[in-house]
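Novice: Each chain, letter by letter, is given below.
2 protein chains.
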Amino acid sequence: MPKKASFIVTPWEVKGEVDYEKLIREFGTTGITDDLIDRLAKHTGDIHPLLRRKVFFSHRDLDWILDKYEAGEKFFLYTGRGPSGHTHLGHLVPWFFTQWLQEKFGAELYFQMTDDEKFLHNPGLTLKDTVGYTYENALDIIACGFDPEKTFIFSDIEYSKTLYQIAVKVAKHITFSTVKAVFGFENSTNIGMAFFPAIQAVPCFLPSVLKGRNIPCLIPAAIDQDPYWRGVARAIAPKLGFYKPAQIHSKFIPGLGKGGKMSASEPETAIFTVDTPKTAHDKIMNSFTGGRATVQEQREKGGTPDICPVYHYYTVFLKDDKEVEEVYRRCKSGDLLCGEDKLRLSEVVKNFLKEHQRKREEAKKVLEKFMLRD
Amino acid sequence: MPKKASFIVTPWEVKGEVDYEKLIREFGTTGITDDLIDRLAKHTGDIHPLLRRKVFFSHRDLDWILDKYEAGEKFFLYTGRGPSGHTHLGHLVPWFFTQWLQEKFGAELYFQMTDDEKFLHNPGLTLKDTVGYTYENALDIIACGFDPEKTFIFSDIEYSKTLYQIAVKVAKHITFSTVKAVFGFENSTNIGMAFFPAIQAVPCFLPSVLKGRNIPCLIPAAIDQDPYWRGVARAIAPKLGFYKPAQIHSKFIPGLGKGGKMSASEPETAIFTVDTPKTAHDKIMNSFTGGRATVQEQREKGGTPDICPVYHYYTVFLKDDKEVEEVYRRCKSGDLLCGEDKLRLSEVVKNFLKEHQRKREEAKKVLEKFMLRD
Numbered sequence: 031m032p033k034k035a036s037f038i039v040t041p042w043e044v045k046g047e048v049d050y051e052k053l054i055r056e057f058g059t060t061g062i063t064d065d066l067i068d069r070l071a072k073h074t075g076d077i078h079p080l081l082r083r084k085v086f087f088s089h090r091d092l093d094w095i096l097d098k099y100e101a102g103e104k105f106f107l108y109t110g111r112g113p114s115g116h117t118h119l120g121h122l123v124p125w126f127f128t129q130w131l132q133e134k135f136g137a138e139l140y141f142q143m144t145d146d147e148k149f150l151h152n153p154g155l156t157l158k159d160t161v162g163y164t165y166e167n168a169l170d171i172i173a174c175g176f177d178p179e180k181t182f183i184f185s186d187i188e189y190s191k192t193l194y195q196i197a198v199k200v201a202k203h204i205t206f207s208t209v210k211a212v213f214g215f216e217n218s219t220n221i222g223m224a225f226f227p228a229i230q231a232v233p234c235f236l237p238s239v240l241k242g243r244n245i246p247c248l249i250p251a252a253i254d255q256d257p258y259w260r261g262v263a264r265a266i267a268p269k270l271g272f273y274k275p276a277q278i279h280s281k282f283i284p285g286l287g288k289g290g291k292m293s294a295s296e297p298e299t300a301i302f303t304v305d306t307p308k309t310a311h312d313k314i315m316n317s318f319t320g321g322r323a324t325v326q327e328q329r330e331k332g333g334t335p336d337i338c339p340v341y342h343y344y345t346v347f348l349k350d351d352k353e354v355e356e357v358y359r360r361c362k363s364g365d366l367l368c369g370e371d372k373l374r375l376s377e378v379v380k381n382f383l384k385e386h387q388r389k390r391e392e393a394k395k396v397l398e399k400f401m402l403r404d
Numbered sequence: 031m032p033k034k035a036s037f038i039v040t041p042w043e044v045k046g047e048v049d050y051e052k053l054i055r056e057f058g059t060t061g062i063t064d065d066l067i068d069r070l071a072k073h074t075g076d077i078h079p080l081l082r083r084k085v086f087f088s089h090r091d092l093d094w095i096l097d098k099y100e101a102g103e104k105f106f107l108y109t110g111r112g113p114s115g116h117t118h119l120g121h122l123v124p125w126f127f128t129q130w131l132q133e134k135f136g137a138e139l140y141f142q143m144t145d146d147e148k149f150l151h152n153p154g155l156t157l158k159d160t161v162g163y164t165y166e167n168a169l170d171i172i173a174c175g176f177d178p179e180k181t182f183i184f185s186d187i188e189y190s191k192t193l194y195q196i197a198v199k200v201a202k203h204i205t206f207s208t209v210k211a212v213f214g215f216e217n218s219t220n221i222g223m224a225f226f227p228a229i230q231a232v233p234c235f236l237p238s239v240l241k242g243r244n245i246p247c248l249i250p251a252a253i254d255q256d257p258y259w260r261g262v263a264r265a266i267a268p269k270l271g272f273y274k275p276a277q278i279h280s281k282f283i284p285g286l287g288k289g290g291k292m293s294a295s296e297p298e299t300a301i302f303t304v305d306t307p308k309t310a311h312d313k314i315m316n317s318f319t320g321g322r323a324t325v326q327e328q329r330e331k332g333g334t335p336d337i338c339p340v341y342h343y344y345t346v347f348l349k350d351d352k353e354v355e356e357v358y359r360r361c362k363s364g365d366l367l368c369g370e371d372k373l374r375l376s377e378v379v380k381n382f383l384k385e386h387q388r389k390r391e392e393a394k395k396v397l398e399k400f401m402l403r404d
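So the sequence lines, in the order shown, correspond to chains A and B.
Letter by letter, the first sequence follows residues 31 to 404 of my numbering.
Letter by letter, the second sequence follows residues 31 to 404 of my numbering.
Honestly, the hints are just simulated from the structure, not real lab data.
All of these numbers come straight from a predicted model, not from anything done at the bench.
Take these hints with a grain of salt, some might be off.
If several chains are the same, the list does not tell them apart, and a pair holds so long as it fits within one copy or across any two.
[To be verified] In silico lysine-lysine, DSBU-like type, Cα no more than 35 Å apart, as pairs:
1) 384 to 349
2) 98 to 158
3) 399 to 98
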């Protein structure tokens with residue numbers, strides 16, 4: 031697997047490495063260097079495949095987080111989920127990584143379920159729908175292996191007493207102009223959405239408020255979320271006397287269709303954690319690929335794994351680098367045809383789903399232990 | 031006391047009757063007619079002086095509230111207070127009237143303390159300040175004689191779990207354009223204030239949500255609040271399946287200075303419920319009046335009680351119409367000089383304060399019984 035190709039994760043960003051570097055420059059974030067990975071490895075022992083494969087590729091203040099950690103000041107993790115439907119495999123990728131960070135650093139995790147925002151944003155969803163999905167999605171989170179002693183999942187709606195009291199302190203420092211600029215809101219935006227960025231910023235400071243001391247925060251999230259943290263939470267943290275939250279940014283996991291990330295709004299392009307083996311298999315077999323128009327052309331010119339969702343699934347679900355490299359090489363050379371490739375992925379995904387669904391069922395017994403409520 | 035003069039309550043609105051009628055036309059509200067007062071009296075027996083003296087002078091759907099009541103459907107009362115400081119006598123006036131409505135109609139009262147809004151709006155106030163004033167002000171509310179079984183006082187901050195869950199349903203239907211138009215918000219307005227109109231609308235529907243059935247709501251409040259209810263709560267009520275809240279509107283109680291309502295931001299013009307007898311006395315003796323420049327001129331031309339705060343205090347604190355009329359007549363004729371007038375008011379107010387402060391102290395024992403929390 032050539033180094034350059036490893037930067038290409040989304041099929042619609044063919045330029046790969048170049049574009050992501052441009053993103054880093056535009057957002058003003060910092061690429062994760064090999065030195066920084068080595069420094070992480072001193073604490074973690076091994077390096078998670080998603081970091082090794084540069085799915086997590088950019089950061090803000092991750093070095094500062096390590097400074098603090100090495101000086102004896104532990105950080106907590108904050109990530110979130112908008113519960114507008116069932117969890118799909120794309121959602122799980124950063125959760126796998128977050129679970130690894132929790133395990134290696136013994137970090138507490140605050141997991142925000144933004145059922146308020148999904149209700150406010152989506153005309154077709156009731157509050158009952160989104161709160162319901164909070165609990166469905168929480169099962170998938172728990173199935174990722176988070177520590178029940180150190181993981182606090184909360185519904186914005188059900189934890190709103192605590193959240194609102196902190197959110198008004200955030201909101202006092204954020205004008206409508208700011209959220210227009212940062213989130214693209216307009217005068218036609220409803221006032222619930224206008225306020226929501228304050229609710230979203232709260233978990234950056236929540237453990238500090240709950241424990242009465244300033245605690246560093248690390249947010250693992252996709253790179254497109256960066257402007258939100260920069261424009262709101264990082265901007266107002268000093269005004270409230272808190273540390274600015276640090277971030278570690280991932281690329282996207284592509285959907286099975288052409289040209290878009292996996293999306294719950296196009297169910298045929300996303301494999302849901304509640305899908306049956308047959309449904310998952312059918313979706314994979316119907317997937318867009320980086321293959322050629324004919325078998326003969328593929329044998330001659332080889333496939334283009336860099337734009338192929340099937341290949342990218344291997345980068346997420348195969349733990350062994352050599353196996354991933356083998357798929358890449360065989361595809362590129364024309365040795366591996368899409369049919370064989372998809373059949374194998376189907377087996378990998380079905381095995382994953384079987385195990386995940388078992389853990390998801392187990393999670394129902396311990397769900398309450400994870401939930402934070404007023 | 032001539033009928034026309036009774037419409038003049040605020041010293042800075044000298045045209046009195048004409049202006050208030052203009053307000054009714056501009057806002058599209060309805061004046062309270064003698065017929066409507068007679069209809070109320072069928073249920074209440076007597077008529078409260080503030081209604082008789084037309085301090086409460088306008089309404090929306092009060093006739094509909096009586097239709098419902100007569101058909102066996104009881105209404106609840108909703109009013110509020112922005113706890114940005116201590117209670118002054120001007121605040122108490124609508125509370126006296128609300129207490130009377132509660133007693134006569136056996137109505138439940140939901141009393142919203144907008145400590146979130148006062149914090150968000152005022153750069154100089156902390157959340158601790160405004161929540162603190164919620165409890166200080168609640169003592170004054172209780173001292174007005176509300177029924178502990180039927181009165182629910184709540185801090186927006188401390189009842190925010192329940193409020194937020196309903197507020198998002200309201201907020202989903204209100205755009206930033208709307209709150210710009212109704213409240214005069216701008217892009218520089220903070221997003222907490224932008225959201226607050228949703229929180230303020232919630233109590234209109236709260237008992238209906240809590241009890242699972244549609245219950246009519248009557249809001250006693252100053253006339254300047256009308257656009258808020260019209261633009262938000264009344265506009266979205268049908269979308270959420272609730273009755274539109276009805277309203278009964280009052281004029282203002284003037285401050286002791288010239289040209290403004292009693293304001294906590296000008297402490298020398300307002301008598302606070304926690305003022306000592308001496309402080310109250312000094313404020314009254316230093317009050318602006320409708321008197322002439324010299325005693326001789328006053329004896330010759332008479333005073334102008336219509337623009338005199340001292341006179342207006344009598345209309346609120348003297349129960350006997352004859353006594354109020356006597357003050358008006360003697361002032362107008364030049365028989366009553368301002369010094370005597372103020373000395374008498376000082377006695378009336380000091381007596382009131384003594385009794386109120388006793389009840390306020392008693393209220394501390396029962397405060398918890400009145401407070402609604404998550």
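Novice: For every hint, state whether the structure bears it out.
Specialist: To see whether the hints hold, each was checked on the structure:
1. In this assembly of identical chains, residue 384 and residue 349 lie within 35 Å of each other by CA distance solely inside one copy; the values are 17 Å within and 79 Å between copies.
2. In this assembly of identical chains, the alpha carbons of residue 98 and residue 158 lie at most 35 Å apart only when taken from different copies (31 Å versus 41 Å within one copy).
3. In this assembly of identical chains, the alpha carbons of residue 399 and residue 98 lie at most 35 Å apart only when taken from the same copy (29 Å versus 48 Å across copies).
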